[in-house]
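Here are the chains, one letter per residue:
2 protein chains.
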Amino acid sequence: MLPLELVLAIVVPVVGLALAGYNAASVLSIKPGKKDLTDINMLIAEGGKTFLMREYKTILPTGVILTILIWAAYYLTFHIHSGLMAGLAALSFALGAIGSAVAGYMGMYVTTRSAAKTAWMAKNGMGPALSTSFKAGTVMGLSLASIALLVVSILYWAYQSILPTPLWAEALAPVAFGASLISLFIRVAGGIYTKAADWGADIVGKVEAGIPEDDPRNPGVIADNVGDNVGDCAGMASDVYESFVVVLAGALLLAAVFGLATRLINLSIVIATLTLLSTLVGIQVVRGEVRGKNLAAAAMGKLNTALYTTIVVAAILVGIYAFLSFPTMEAVAIFVSDLLGMITAIVVLFATEYFTHYTFPPVRNIARQATLSASNVIVAGYSYGLLSAIPTVLMVVGALGISYILGSMFIAPGIEGGIFGTAIASVGLLSLAGVVISLDSYGPVSDNANGLVEMTGMEDVREVTDALDAIGNTFKATTKGYAIASAGLAALILFIGFIYEVADRIYKGASLIQILTQASSQLTIIDPRIIIGALVGVALVYFFSSTTLASVGRAAGELVEEIRRQFREKKILELWPQERPDYNRAIDIVTTHALKNFLIPGISAVIIPIIVGVALGWIGLVGLIFGVILAGFPRALLMANAGGAWDNAKKYIEIEGIVINGQRFGKKSEPHKNAVVGDVVGDPFKDTTGPSLNPLIKVVNTVSIVFAPAIAAVSLMNPAASPLIMHIISVIVSLL
Amino acid sequence: MLPLELVLAIVVPVVGLALAGYNAASVLSIKPGKKDLTDINMLIAEGGKTFLMREYKTILPTGVILTILIWAAYYLTFHIHSGLMAGLAALSFALGAIGSAVAGYMGMYVTTRSAAKTAWMAKNGMGPALSTSFKAGTVMGLSLASIALLVVSILYWAYQSILPTPLWAEALAPVAFGASLISLFIRVAGGIYTKAADWGADIVGKVEAGIPEDDPRNPGVIADNVGDNVGDCAGMASDVYESFVVVLAGALLLAAVFGLATRLINLSIVIATLTLLSTLVGIQVVRGEVRGKNLAAAAMGKLNTALYTTIVVAAILVGIYAFLSFPTMEAVAIFVSDLLGMITAIVVLFATEYFTHYTFPPVRNIARQATLSASNVIVAGYSYGLLSAIPTVLMVVGALGISYILGSMFIAPGIEGGIFGTAIASVGLLSLAGVVISLDSYGPVSDNANGLVEMTGMEDVREVTDALDAIGNTFKATTKGYAIASAGLAALILFIGFIYEVADRIYKGASLIQILTQASSQLTIIDPRIIIGALVGVALVYFFSSTTLASVGRAAGELVEEIRRQFREKKILELWPQERPDYNRAIDIVTTHALKNFLIPGISAVIIPIIVGVALGWIGLVGLIFGVILAGFPRALLMANAGGAWDNAKKYIEIEGIVINGQRFGKKSEPHKNAVVGDVVGDPFKDTTGPSLNPLIKVVNTVSIVFAPAIAAVSLMNPAASPLIMHIISVIVSLL
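Top to bottom, those sequences are chains A and B.
In terms of my numbering, the first sequence opens at residue 90 and continues consecutively.
In terms of my numbering, the second sequence opens at residue 90 and continues consecutively.
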């Protein structure tokens, strides 16, 4: 018999997927009455599809090998149910990865095809254009939230009915690794793709040939538009999907390892279900006409209302559920922790907007520095970027601290209750993924719609699509803050989960109290393995950041060569429109080099934890993960926000201009050129390296959770390692 | 009766100071036969003196208040010998600060006055010029190493003869806080000063008025030259002096708290003494004629030989001492740990040179990116900066790991022996301070000499001073790496020392084993106070970095206004040399604003640990310090090395040029302009924020060591806090 909670946890996401399908069908059924609009749009859609399919194909062998390795690691380290555990763990991993891939593909399919529809609907005014692009965005948002909840709920229901606690949770854990592997791939390779295409197209197009940004004569222009979808749409979705899966699986794992009551184990699933239900309500706000003096402000208002409606409804539903199901003070602790998670979302979204939008002082100050020199722009933007990380870090710290205290006072005594409280706050934050990603995915749709309007000369709707694009840029920037905060919380939950899971398996047979005492006395911060591991973790973040940054330049260089070659050999600029660029070759080159450049940072993210684990034991691994989180989480904020601020400082000069001693400096002025230097530096900061740090801080955790017991067994630090290594070899030999 | 070790530890530094005095006298006795040379030099010397004296005057009230606070904190938390402990602790603090101030003043006095002497001696060739500027540098190097050793040795000898172990070590600990307070002040305020003067003078001089860098018509030119000495000379010296004092005091404290044998307690003093003796030998290498085809390479060779001679002699002396005084395997452990520390110095110096000098690929690659755009220069430099942190971090980690293993195997069993092993490695690294700072301080002397040659039109010696300046720049850059690695090791030693010292006082009366068990089981990395503290620590590093970076722009802006005003009102450019700039007003403005902008980052470095301690207890404070070290140490390397690389990418284009498709791009070309953008961004990176992180990571430790027991008593986390707070209030009332 399925309890009501689990029935809902399956029904609601199915409804969510149905609504996503309905919205997709209604957007895709729009037939623009302008052929070139659809034609160019299809080039982008096909380019996006090609990139995703090549990514998936490239990752397939790695995925298969890892599935086998996970099977083997579980088979060798579990001594009871070893066959079943190994099979289920491999299944979890595969489903986590496939779910992420499917959500990304579905969302991309619709968003890439919706730009032409939005451009066309803009002829009917702001209202229809807004609801079209937002509907397209909801396909991504609803798909990812529904699939994440569905995968975790089904696995949870199935595993706990055939395995004892906490074994089912341990079999479930690899679902997070599957999701994080895909996310790492899409974020890094996609991040390199999007900015290499952007840089490459701009260097030859805007700088050398002097043609405008979205000019169809530029062979790199389609690759550039594909990149927007790959980065802001598929990349963001896979990242937040991963955090959502991680937080749900982590909350289940912790509740199971702590031996909490079933109702508490189910709690994270229930909160996610109720918030998804609220999302289905909240997103209905964005429809009908947009009226008012300032159309952009009115549209922005509608979108914000969708978010706030979702939060209010979710708070009411979760509150009712908590007070009906738990004693009063426990219900208060649950309700406040969930609310803290959602408030974190609001604070982070606002802090990001404050530091990256030109209605606030930071971006204006950076723009004013542009009257001095490009160097001043860089230093000012970097300085604000550093500052911008602080409110988000402190908000996360505050939410963790308060939910910890509430949890340990009212949910369960001591550390377990406290940690579970922080897990509820994290679930609260991540449950908003559906609505936040709907708002985010609306961004690339309106960005591409605006590009199509420029390419096809639809000057009459320019005002509408410009406004839509500007709003989209704001949400694209603020969602980055949300994704980073989510990744930070997810990583911390995983970190704690990792420690308990491994401790549970290393000190097997011991009681929870014994395990906690053992683990915590071993994990003292004075242990040199912790200190060394943490420093190596910071070094890993530096290495990863350095290689991803450098990759953009290298891949862009290849595209530059190709565009120059096409201009030279095909004389496109002279013979246009008789001679047309070979867009696909440009896409192909960027794809190839993005995938090639993924290798070193991607592999290091998976291999270094294993090497450190073998060299320093699982205690060194704990240090490594701690170092990666401490260095990676604020660095992601720094890079994303500095990039966003530089971008908007340039836009501020273009749109409003700066007045110094009565003289106005606008587009093409010297200060504008200085601001462009910052904008271009910010591109790989905010769209490649910054976002790639999110999956990095999660993947070091997930790879450790899955392989740590096996690593601990063969670790050089384990005095019992040699006989165990012999045992493992003999098992492998007997299997062959 | 003074044992031989301590007699030597007082005699050798006295000899060092005597040699410093002799070298100072011999350089200052040179009488340049060119009046304007001496006149301009005296302007710089006076400016430097004025800045230092105003710094010291500004810090005096803070110093007095802190002396009283330390006295009170010790008086209230020590229950035996409380009056004596309080008095000695206050004395230690004052002596630590005064020693740093005196060493900085003595060194600055000589180096600022030596530029004219060096320029004049350059008429006699490379040999005399090199030995003059290096002799001036040794005054700084020998003063700081000798004073550091002398202060610690005398206090150690005096305190341990009147107090039992480990009380004397606890009374000694504030010496490190005194040193770190002065260092924080000089690094931050001096760092802002040097780059604000540089930026301000360049923006109006080079960019707006189009006059050369060291043109005497620029009112900011003397401030700029003063800045070189303030930053590279006084700043670096106070920083390394602090690390040296910290490591010596930390090693004494750890040995005392661990209850090691007297011979082991003395060991760090002995190693420092023998290495200072070796330094007196090593620096004799730099004398006589410089011969060879390439004069610069020959001069560089001599300077490097001074370093290597010191290391070889020190290794021999320490080896002999160790094998004569300890059982064989213990001697091996001591010898290898000391050697590892010195090898760390070599590796770090080389790694820094590799990433910041244009004879190696990184800087050349950055320069090549300048052919694309300024943005490419920024991204490439930043990417290499990130990468450059890794070898130093890994070398420090390796040295720590190996010396830990050796120590725990052969010096004392378990954690104590291991930690003491790492302390020996740290002493090995820091003992080289004398020779390394001699090499570093030679840099600003030759830089200023070259500037004076330009200002006074001594074209005939330009070749010699150019070569000297180039070598000086290399040492200035590489010494930054040494200072950062030293700060990192010093901070880690302090971190461990802090934990044991506080644990010793909190669990008073317990045996060492009990304290260790108590402390380590409390300091588990899963404790939310550790995690929250660490995240706040990272946020503190970000805040500190952001405010110091932003300060440079603000202070430079003030200087820009002043230079523009002088140009406008005094018409210097038109009426020169009848109308002369008011250099002192420019110096005064930069000084005022550097000191003003010091306030926020400076105070936050001291106050935040206290706030976190009160809010989260001493466990939260442990987390905070860990976070600050993890974030600050690699960030210092990133910022210093990225800045150095950008600087030299520009110089590479100026000196060698880049050839693309047969076309050569040199000074004033488009790529050169792009490289200048990077160079200017790098200025506050490498000379303000990067170096300021060194005292930050040490000062959070030293302030915690001194105040932690008092903080723990009044902490909100301490259930016994309320009665204790009442007790403290009643003691204060009874004292009044």
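Hints were generated in silico from the structure; no laboratory data involved.
These figures come from a predicted structure and were not determined experimentally.
Treat each hint with caution, since some may be false.
The list treats identical chains as one, so a pair stands whether inside a single copy or across any two.
Claimed, not checked - Calculated cross-link-like contacts (lysine to aspartate or glutamate; reagent style DMTMM-like; alpha-carbon spacing at most 25 Å):
#, residue 1, residue 2
1, 295, 759
2, 146, 442
3, 212, 303
4, 762, 297
5, 212, 658
6, 660, 677
7, 391, 303
Going down the list of hints, with the structure as the test:
Both within a single protomer and between protomers do residue 295 and residue 759 lie at most 25 Å apart by alpha-carbon distance, with minima of 16 Å and 17 Å respectively. Taking the shortest Cα distances, residue 146 and residue 442 never come within 25 Å of each other, neither inside one copy (37 Å) nor across copies (43 Å). Taking identical chains as interchangeable, the C-alpha atoms of residue 212 and residue 303 lie at most 25 Å apart only when both belong to the same chain, with a minimum of 20 Å there against 62 Å between chains. Taking identical chains as interchangeable, the C-alpha atoms of residue 762 and residue 297 lie at most 25 Å apart whether they share a chain (15 Å) or sit on different chains (18 Å).
In this assembly of identical chains, residue 212 and residue 658 lie within 25 Å of each other by CA distance neither inside one copy nor across copies; the values are 39 Å within and 60 Å between. In the homo-oligomer, the alpha carbons of residue 660 and residue 677 lie at most 25 Å apart inside one protomer (21 Å), although the nearest pairing across protomers, at 61 Å, exceeds that limit. For the homomeric pair residue 391 and residue 303, neither the shortest alpha-carbon distance inside one copy (29 Å) nor that between copies (59 Å) is at most 25 Å.
Hint check: violations occur at hints 2, 5 and 7; the rest are consistent with the structure.
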